[in-house]
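For the protein sequence lines, the chains are A and B, in the order given.
In this text, residue positions in the first sequence follow the working numbering: the first is 1, and each later residue adds one.
In this text, residue positions in the second sequence follow the working numbering: the first is 1, and each later residue adds one.
Each hint should be verified, as a subset may be incorrect.
[Claimed, not checked] Within a straight-line C-alpha distance of at most 25 Å, the following computed PhoX-like cross-link-like pairs (lysine-lysine) qualify: (1) K69(A) with K24(B); (2) K132(B) with K160(B); (3) K17(B) with K69(A); (4) K57(A) with K197(B); (5) K57(A) with K69(A); (6) K17(B) with K61(A).
Since the hints were made in silico from the structure, they are not lab data.
Residue-level listing of the chains:
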Amino acid sequence: MADVERLSRLLEATARGDQSAFAELYRASSSHLYGLLLRMLKRRDLAEEAMQDCYVKIWQKAGTFDGDKGSPLTWMLAIARYRALDLLRIKRPEVVMPDADDDFSLPPMALADESQDPLARTEETQGVAKMREGLNQLPEEQRTAVLLAYYEGYTHQELAKRMNAPLGTVKSWVRRGLARLQEFLDESA
Amino acid sequence: MLAAEYVAGTLVGSARKRFRRLLKTDADLQREVRNWEARLGSLDTIEPVAPRDLVWTGIEQRIAQERSKVVPIKVERPTVRINVLRLWGATATAAAIVMAVLLFRQSSVVAPQQGQPQIVSVPAQAFVAAIKLPEEEGQWTVSLVPDSRSLRIHASQPAKLAADRDYQLWWIDDSGGTTSLGLLPRSGAFQLALPAKLTITGPGTVAVSLEPAGGSPAESSPSGPVLTAAPLLSMI
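Pulled out of the complex, with its shape left as it was, chain A reads as follows (with noise of 0.2 Å):
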C-alpha cells in the first residue's frame, strides 16, 4: 500500500505548511477528486470551482486527517463529495436535470469496468468488489435509487421525478437499499 503511504505523508506535511508536498499531493489525487466532481457537478466550471475549494480546504484540513480512521484518498474524496453536494444543493436548478422520460440508464460507475488506474487499483479493489457484488443483490430500484443519490447527487425529490415513482417510495428504496448494503458488507467483513 505504497500509495496509502506516500498520500498520508503527504498530508502530514501538508498539515506542517510544505508546499511542495501539497503541490505533490495535488499532482497524485487531482484527476481523482476532478473526475468526482465533474461526475455529480456536470458542468466544468462548476467542478473547477470546487476543485480550488477543495484544496483550499484540503490545505486547511491537512492536519485533522487521521491515518488509522481510513484511507487518505477516501478522506478527500469525502470533502470533494459533501462540496459537491453542497453546491448541487445551492446550484441545482442551473444543472440540466434529465427528464424522467430520458433513456434511462445507471450512471458511468458501471459496476462493469475495473479501474486501470494503480492508485485505485491498490487502495480500493477489495471494497469496490465487495461494494459491487453488494449492490448487486439489492433489488434494482433499490440499487438504482442508491446509486443515483450517491452518484449524481439526487434528492429524494430528484429522485422521485427521475425514477416517475412516488415520493415515499423512493424514500424507503434508498433507506432499505442502504440498510441491506449495511447488512451485506457487514455479514462478509
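Since the structure of chain A is provided, determine the placement of chain B on it from the hints.
Chain B only, in chain A's frame:
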C-alpha cells in the same frame, strides 16, 4: 441509517445541518460516517479526469492568500514596471470593446425616520475588460465584482498558444506595479478569487503577459513579454 443517508447525500436541509452539528461531538456517529464514506467511497475512484492546469494556479493563489492571513507578509515592491502609456500606444488599434451584463445589487430602501440614517439603494460595483491578443482570433472578457472578490474570465474561442505556454493576467496599479490575477483560460470560462492583498475600488488597467505553462516563476511580476493592456471599466 441517518449516517448512511448523510453520506449518500439524501439527508438534506435542516436535517442535514442538525446531523452535522451532532457529528461534531458524537464519536459513534463519526465512526459510522467514516464507515459509510469508506464503503461508498470505494466506488469513487473509477474515472479519474485531469483538471486544467489553471485550476492549480487558482488554488496556489488562494493558498497564498490563506497564508498571508495567518502570517502577515511584507509586500515587496514589484521589480518589473510596465509602462502603461507605451503599451496603450501599441495596443490602441486592438482596443478592447467593453461589454457588460452584470449584477445590480440593491440594498433595501427604508423610509427615512428622524434620527435614523437613511439607507439608499447603491448599485454594486462591477468592472469589465475585453482583451484582444496579437496572435489570437478570439477575445477574453474579464469581469470583476470587487464586493464578491471574484473574477470571471471567459474566452470567446479556444486559445492558439502552445501547450507549454500560458497567458497571465495582471492588475496594474497607478504606479505601474503588478499583481497577478491568474491565468487566462485556454477556452471557456474560469472563475477565480481576487488576491487578498488587492483592493480594487475604481477603474484601472489589466495587462496580459506570455508565460511558461503555469505562469510567471516570479510571484509578483511577469517574466515574459507583455502582450497587451486593456482598461478595466466600470459597468455601471
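Going down the list of hints, with the structure as the test:
A hinted pair counts as satisfied when its Cα atoms are at most 25 Å apart, and K69(A) with K24(B) qualifies at roughly 16 Å. The suggested pairing of K132(B) with K160(B) holds, with an alpha-carbon distance near 13 Å, which does not exceed 25 Å. For a cut-off of 25 Å, the pair hint linking K17(B) to K69(A) stands: about 23 Å separates their Cα positions. Between the alpha carbons of K57(A) and K197(B) the distance comes to roughly 20 Å, so the proposed pair stays at or under 25 Å and holds.
As the CA atoms of K57(A) and K69(A) are separated by approximately 19 Å, the hinted pair is consistent with the 25 Å bound. For the suggested pair K17(B) and K61(A), the alpha carbons sit about 20 Å apart, so the restraint of at most 25 Å is met.
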